[in-house]
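Those sequence lines, one after another, are chains A and B. Sequential numbering of the first sequence, starting at 1, is according to the numbering used here. Sequential numbering of the second sequence, starting at 1001, is according to the numbering used here.
Simulated from the structure, these hints should not be mistaken for lab results. Just so you know, not all the hints are guaranteed correct.
Said to hold, decoys possible - Which bits of chain B does chain A cover? Going by a derived footprint, with three or more residues having C-beta under 8 Å, they are: (1) 1133–1142; (2) 1145–1156; (3) 1164–1175.
Note that the structure is predicted; figures quoted are calculated from it, not measured. Where a beta carbon is used, it is the ideal one built from N, C-alpha and C, also for glycine.
Listed below are the residues making up each chain.
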Amino acid sequence: MHLRRIVGLALLLLLPAATQAQDARLAGRLDSATAASVQQVVDSARRAGLPTEPLVQKALEGGTLGASGERIVAAVAALRGQLDRARDALGGSASEAELTAAAGAFRAGLPPTALRRLQSLRSGRSLAVPIAVLTDLVAEGVPADQATRSVLDLAREGRPDDEFVALRRQVQIQRRGATSNRPALQPAADPPVNR
Amino acid sequence: MSGDRDDRIHDQLLQRAVEELRRPVQLDPVVEARALDQIRIEAAGWPAAPGGFRWGAWIAGAAIAAGLLLAVVFREEDPYPLATRTARAAAAAGEARPVYLRLDAPASSRVAVVGDFNDWDPSATPLRLIGKGGVWAVELRLKPGRYHYTFLIDGRRWQGDPSEPPAAGSDFGAPLSVLTVI
């Protein structure tokens, strides 16, 4: 009995410490102040029930691409806000993949209404790929309303995920074929590599 | 007269069929390029198992026969091809699947890829030069999901993947691409 109490007390003390422990990847790749600030955002997302891995990846991306600490923290905080909006739009039962895809959609400028309409047509099936394809179409330069219409049409017909991807691939080929005079590769910015 | 007309119709049909058969198969260029790269990767560095050719032929024959049998069995029940159904089953199970990335970078001495799949570690995933045309490639194994990534050329220059869509915006200035694995 005595031993059980001690173990219980130890667990109570250790559990919060475990959840607040800094992700070793952050500590290894960012300066200590930036890592601590990012960790705060990650912890707040975890407490709110939001996915945290995309936030860690965003910070690692910034670290590798040589961004300043301030810029990294701002980008991570912005992504956390987009994940929050994504959950508002899709509801508490949305999966991590759906929330991450929806956050990307907001970043591309798509409105929450587009995602809700998609959700109403795909009840019971994952929205992650259709949302991702919608975002990709807009990023490729397709007007948002036209892209939304095409994706909603596929959803209405109950098409599987690979047909959404096929649509995106087809649009990509057509658009790049139509603008073949444009250089295929975007000129790369040259931020220093942070190793 | 009627026989001549039948012959003409028959000839026209035959002509159309021949033209159809002669028409080259149009593949998605990205799929085609990746398939060719994979062949080059295998030819460049992955030796065949010793004495494996005869077994390989038997296994390939058996696989084709099994595939044809399954295709016939499932033909009436599912409008999608067997390969599509197999890929969907793998995706539904959340299994990692091979993904081939390639980049034409003829004047480069080394190319790596960094992204969500390798914690953005520049040393984790180097590409291999295949052939003599300056094509670099790598095979990844990725679970279904969405991945942001970019190529690092000669340790100092970032370049997006022209085969995949650009990411919507870049927080840190480098061109990013996004890959959806289903």
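Status of the hints after comparison with the structure:
{"no.": "1", "hint": "1133–1142", "in the structure": "violated (count 0)"}
{"no.": "2", "hint": "1145–1156", "in the structure": "holds (count 7)"}
{"no.": "3", "hint": "1164–1175", "in the structure": "holds (count 10)"}
Hint compliance for this structure: hint 1 is the single one not met.
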